[in-house]
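Here are the chains, one letter per residue:
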Amino acid sequence: MSEYDRDDKPATGYDETIIDTKGVKVNFGDFWALKGIDISVKKGEIIVILGPSGSGKSTYIRTLNRLQPHSGGTVVIDGITVDDDTTVADMKYVRAEIGFVFQQFNLFPHLTIMENITLAPMKVKGIPKREAEDQAMALLEKVGIPEQAYKYPSGLSGGQQQRVAIARALAMDPKIMLFDEPTSALDPEMIKEVLDVMIDLAKEDVTMIVVTHEMGFAMAVADRVILFDEGELVEQNTPAEFFDNPQHKRTKLFLEQIL
Amino acid sequence: MVFEGSRGSFVGLLPVAHSPRDYLRVYIAPVLGVYLFWLYSNKFLGMSADYLSTMARDITIAGTQMNTSYYPMERLAPIVGGVILLCFLLVQNEIPAFLKGLRRRDPKVFSECVSSIFAIICFVLSYFLLTSVLELSPGAQVPFFFFGGAIVAGVLLLQDNLGEILSWSNIRSFRPRENLGALISVGSIVLFAVLTLNISMIPAISQDIPFFLSAVILITGLYWYWRISQEGMKPAIQAKRTAALAYLALLPFILYLLLRVLYLQHDPNPVMQNRWAVNFDFMDKVNTFKINPWPMEVVANMDARWLFLKAAIINSVRVTLLSIVLCVILGTIVGVTRLSSNKLASTMATVYVEVFRNLPLAVLLFLISTQFGLQAPLFIEETFLFGGAVFFSNQGIWFVTVGSYPVLVMGLVALALLRAGLRHMDRIEPRFIVTPNTLIEHVRRPFSTLGWRVEALTADISLIVAAVVFINYLVPFVSTHGGGTSAVLAMVLLVYALSVTSRVDDDGINSLQIDDSETGLRKRFTIWVAAFSVVAGAVYSIGGLSWPEYIKDRNGDGIIDSPGAWDIAEGTGFEITPFFLAMMLGLTLFTASTVAEIVRGSIQALPRGQVEAAISVGLNPYQRLRLVIMPQALRSMVPLLNNQFMNVWKNSSLAVIVAYSDIFYVVLVMMNNVGKLIPLFLLLLITYQAGSLAISVVMNWYNSRVTSVKI
Amino acid sequence: MSLKGLNMDSFLELEESIAGKPGGPWVTPSNNTQLSLLAISLAFVCGFFGGMWEGFLPNGFFELVAMAESEGASSLNAQIFGTISGIVLVFAWWVTLSILIKWTPGKSLSNALLGITTAWIIVIAVRGLSHFVLVEADWSVVWANRVLLIVGQQMTEQMTQAPGSESCIAVSNCYGVNQNWRLWWILYPSFAVLASAYGTIAEKPARFLVPFTALCGILMLVAWMPSEINYHSVVPITNLSKALVVGYLAYGASYYYCSISEEYKANRLRSYIAIGAVVTFFFAIMIMDPPEAVKDLAVWLGGTPVQGIREAIIAGDVVPSTLDKLAGDGIQASQWGGLFVNLIVATAGCVLGFGIGIVLAFGRQSDQPFFSVPSIALIELVRSGPLICWLWFAVFLMPDLMDPFYNAEDIIRMLLMFGVFGGCYIAEVLRGGLQAVDSGQKEAAIALGLSPFQTKMQVELPNAVRTTLPSIVSVFIGLWKDTTLLFIINILDFFKLAKDLPATDLRFLGNFLEPLYVTALVFWVFAFYLSRVSMKIEKGLGLTSEGGGEAA
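Chains as they are written, first to last, in our numbering: chain C, 933 to 1191; chain B, 326 to 1036; chain Y, 4 to 555.
Heads up, a few of these hints could be off.
[As the list claims (entries may be wrong)] Result set (PhoX-like, lysine-lysine): computed pairs, CA atoms no more than 25 Å apart in a straight line: (1) C:LYS967 - C:LYS1181; (2) C:LYS1074 - C:LYS1107; (3) B:LYS559 - C:LYS954; (4) C:LYS1135 - C:LYS1107; (5) C:LYS1083 - Y:LYS539; (6) Y:LYS207 - C:LYS1083; (7) B:LYS559 - C:LYS957; (8) C:LYS1055 - B:LYS565; (9) Y:LYS445 - C:LYS1057; (10) Y:LYS268 - Y:LYS539; (11) Y:LYS207 - Y:LYS268.
[Stated by the list, open to error] Per label pair, the in silico range of CB-to-CB distance: (12) B:ASP886 - Y:ILE124: 38 to 44 Å; (13) B:ALA354 - Y:GLU314: 44 to 50 Å; (14) B:ASP841 - C:PRO984: 46 to 52 Å; (15) Y:VAL322 - B:ASN719: 55 to 61 Å; (16) C:ASN1177 - B:ARG933: 56 to 62 Å; (17) Y:GLY543 - B:SER554: 39 to 45 Å; (18) Y:ILE221 - B:GLU937: 45 to 51 Å.
FYI, nobody ran anything at the bench for these hints, they're computed from the structure. Where a beta carbon is used, it is the ideal one built from N, C-alpha and C, also for glycine.
Based on the provided sequences and hints, a complete structural model is requested.
Rendered as structure tokens:
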């Protein structure tokens, strides 16, 4: 199981929409976390999602790889509709295409860094061990910590762990990288090293959706900035327009509170 | 096409191996697995087919059934069909949705559960067909029908399209070429029916049914295993198909177990049949061996086995209850001592815990009973201790006891009334009175109309009355052969009274202002000491004491009997047999070590700040323990103690080592006498489970009272 | 003066914690030490000479020795008894006199009472126990049968009446071929696994090597003692030395490997050692009663079955080679006995139980009722009855179900039953562990694309096992202690053989208690050792919480 065939699928060009979500709703009982989100992301775009806590930002990006099932609307990733009827193989494909970086890193504590990174390529894609380890070393060098390869996550600092988490997500060669508040659980002095890795990543043609509070990052690399509030999409614009010319009242309120 | 589209699947058609371990995993293991499965399936289906044929064969000559293993189809069909139906419903997993739909009175629920309803209809239909319409040959058709039916059920589960097929719209627009799956499902049912009826014409199948059926299972299994590995279906369906595949693979084993048990119940060998047939008539007959029960007397060769069982249960229960009480006391003392600052005492406590925790209970019991038997003085040595209060011998220990038990009960009632009275004097008006509105609430608080003050007092007194009534009806229950119904009613009354008092407490009526200061404590202490002495004096003077009387001359004719006939007079003193003593000592010492660890752990797990705060507020050690430490420690202790108490109950089964007549010992001897192993084994399991449940219920109730405040 | 001062201070602290704070008004900090010394000297006097004046004080050292000798104890035993009792007596006198002289009840009554009661309880207990052990008891009943207790009837006969032993002088009274080479073959890998497991713990080598050498030394001593010996002591001693060397090598190799490698390699070694333990278990069963295939293989490789050439071996013409021995008849499971049976059954319970427990735990939390309903039913059913009930079921009812396809012997059925029973308890333990796994872990695994089965095996199970390992070890300890229940089914394990010795061994009729105490000691030692291991694991995992709460 070392190759995977995609020859029955059209390739997405540069301007192709890779994520297309229409009217996505999510509810927990009577509480509606998302009330109908329409977002369309092109291949290679960098999106930053801002918003107060509880506005549904994390819930939204978790619906993209179905960590959170949606209760209404459609989610289409790379041409594949993600819903109750998606086949197991398609779901695996979608999840391999999407790399997810959690706020709490969620590294596997009983495995070494190397094993953390090579687990998914070996088990899901069937890549042989030697190849997977070479790939993992290359990724560790990319995120800047090749010497930690054989340590356990408990021996690393928060910033190092998050960088490993990014490497682990990149190991599956994803087209889309989702970041759920990647620096919120870090001490301030470690935020920079993680953001540097993310900025380097942004220079490649990976589509990124980042939920964060780091405005500097948004202003530096984002192609689009989106504001969520109370489960609704309030405003989306280029960074320059968003920060200098906010259109909506809630956007202005939000910017006043944080800047 | 039949397959749902699989896009970009990571699974190629033929697996690729990279290393020797991969070759092993990917090529050798599957081949080996298929071979082993073939052997297993053939063997088990073969044995099942033999049993089924034997059981279905009706050899009636001149009106009598010559085949001892015969089961009429009226019994065979529902049992075997029922098990298959049960497996089908479990895999199909529509029952929970069905029940939820029923609760919501949703009419659409039936369309969601079509497959299950179809299965039930098939079951009923086949019952009618088999019992009234068809005469299937026991050699070939009966096994083929049942086993083939089970396999068809498996195929239908795997196909997972019964719901589609049976909906009206699909039946109308049926197109064979597009709907291959539906064709296979319907076709398999039709093929199965045709084969069953005509199997005698196909000797290739009827000669070796297990072979044919195993081949069918193997082919279906392999095909679906490959399909599932293609992962071309949604996750819920994949999980269900995996369960269906497991059902198909386990089918030979399930059928074997079922048919073997059925066969054993009608085994031609009478010993086996005796063992496995489930009927309890023998329990009404007379028991032939004697046991040592107390307080109920059962006589061998006169009383029924049920009564012996009851006496044995009473024996087990009393040793369990006493051990539980003692091990809690001892365990708490040892556990708290372990935390003491006196190094000697804490080391001793640690030594006790370490020694007894690691000893096997069986060895400990045997040791205690042997040691006691060897070292205790002989009966004829007349060893009285404490001035005649205790008679100590290797045949038992006799204590001095109260002369009249009813007087003792009255004394205890007096003390309980005193407590109720003291509580009543401490009562103040609650800030918030909850009044009952609905009927149920009125039932739970029957005295609410009397006003808060009187209600609480009445609730307390009613509890005391209920307890007295319960004791009054419990005593004849455990000492005579009957009295079951009145004891149960009395227990219901007691439970009701308990629930009334706890409801009164929960609703806030019990607002007490207890003086916990030093003077208050001292005052309460003196009141209780005085009360105890008064009651003790009253009981002693009215009822007297019963000292163990050593009789050397039984018939009172002035001639001393031979030493073998010397005895303690009946009714004097209170006897503890050496068996009971050994059992109780062993259980208590063994369990107390674990309880000590639990107590110590719970107290140590308290945040240090709690104790420091208590000290800084100025509480003395006793107040600290009672008001701050124990309430919090109890919360973590109670679930762990629940487990330990259930262990005490189950460990009481080791009484066979010390020859104490508990449930297991009595049932074991009955099994040796009567040979009815399965019925007695079921009784054993039921009794132990009932006891565990009772302990759980009580401990859970106590747990809810202890954790009623959320920390 | 400072060093002596330090000792004196800690001694005074100890005294205060045991006897309580000084309460008498005549005690000042300056004469505190002198009062203590006074108490000690008086205690020595009472301890040595007590009892010499009629009925005045409890018997002191000299009196006790005289008493013991008059009861028939050997001079050495009497001296030891006297010393032990004397020491404890002096201690108790010291506590009592300290309390009296310094009048501690004035300041801390409860402490003083606690101290006095415990001290004298210790005196009674120690004196009684040592009196029993040294004076009353005749340990030869156990000593003479030590081989029987360890390996059971059949192996003992094979050993003591085999070619080479002294009782085998002619063909007529030679019973069989010495089969205890099988035990040594089991001992070597067991020691290797044990030693290498210890080697992976980065502690000072002495902490393992010293107790290990002491253990082997004691075993060798036991094997060598010439009294009541019915076998050639050279063989056990050489084999034990070989086992000792194997242990050293295994320990050294794994210790060295772990010290030069990264932690993850050490973890990998640990998992290999665990697999090695399981393999050793199956190897042990296989070597005791080799299946036909193995015997045929040995014949094919050139061996001749030993029972065929028995006379030649007795005559001394032929020395059987390893292949000959391997090709010979094994020892059937029904003929195993002694401590060996307890060990095998307990290990089976652990190994099989762990596997069954994992399957049941996952079945229980599955969302398919076809898996969860039978799992819950089985777990609740097995846990509702006491083990003795299920063992009885395994002996009397299970054969009816199993015989058509697997005609097993009693001991094999016991193994299976212990496995199922242990499995149900481990499943309950694992259930808690699986629920406690951080949901973020599972989400990360899902987000990477791992299937639910892969998530369970790769992420949830290792975490659950790690957190619940102490509880799993306590289930193992419980299984070990429960192997004593085998005697009820008339399986000749250590406990049954020991307690039947007074009845079966005609030389020692009536010595009821000694075998029981030895049994209790043997089982206690193993259980205590396992509980220490569990405590060490708990500390290693950082799971112990030391909060607060001194309540006394």
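Hints versus structure:
no., hint, result
1, C:LYS967 - C:LYS1181, "holds, 19 Å"
2, C:LYS1074 - C:LYS1107, "holds, 17 Å"
3, B:LYS559 - C:LYS954, "holds, 22 Å"
4, C:LYS1135 - C:LYS1107, "holds, 13 Å"
5, C:LYS1083 - Y:LYS539, "holds, 23 Å"
6, Y:LYS207 - C:LYS1083, "holds, 23 Å"
7, B:LYS559 - C:LYS957, "holds, 21 Å"
8, C:LYS1055 - B:LYS565, "holds, 23 Å"
9, Y:LYS445 - C:LYS1057, "holds, 19 Å"
10, Y:LYS268 - Y:LYS539, "holds, 21 Å"
11, Y:LYS207 - Y:LYS268, "holds, 20 Å"
12, B:ASP886 - Y:ILE124: 38 to 44 Å, "holds, 42 Å"
13, B:ALA354 - Y:GLU314: 44 to 50 Å, "holds, 48 Å"
14, B:ASP841 - C:PRO984: 46 to 52 Å, "holds, 49 Å"
15, Y:VAL322 - B:ASN719: 55 to 61 Å, "holds, 57 Å"
16, C:ASN1177 - B:ARG933: 56 to 62 Å, "holds, 57 Å"
17, Y:GLY543 - B:SER554: 39 to 45 Å, "holds, 40 Å"
18, Y:ILE221 - B:GLU937: 45 to 51 Å, "holds, 48 Å"
Figure legend: structure checked against the earlier numbered hints; every hint is met.
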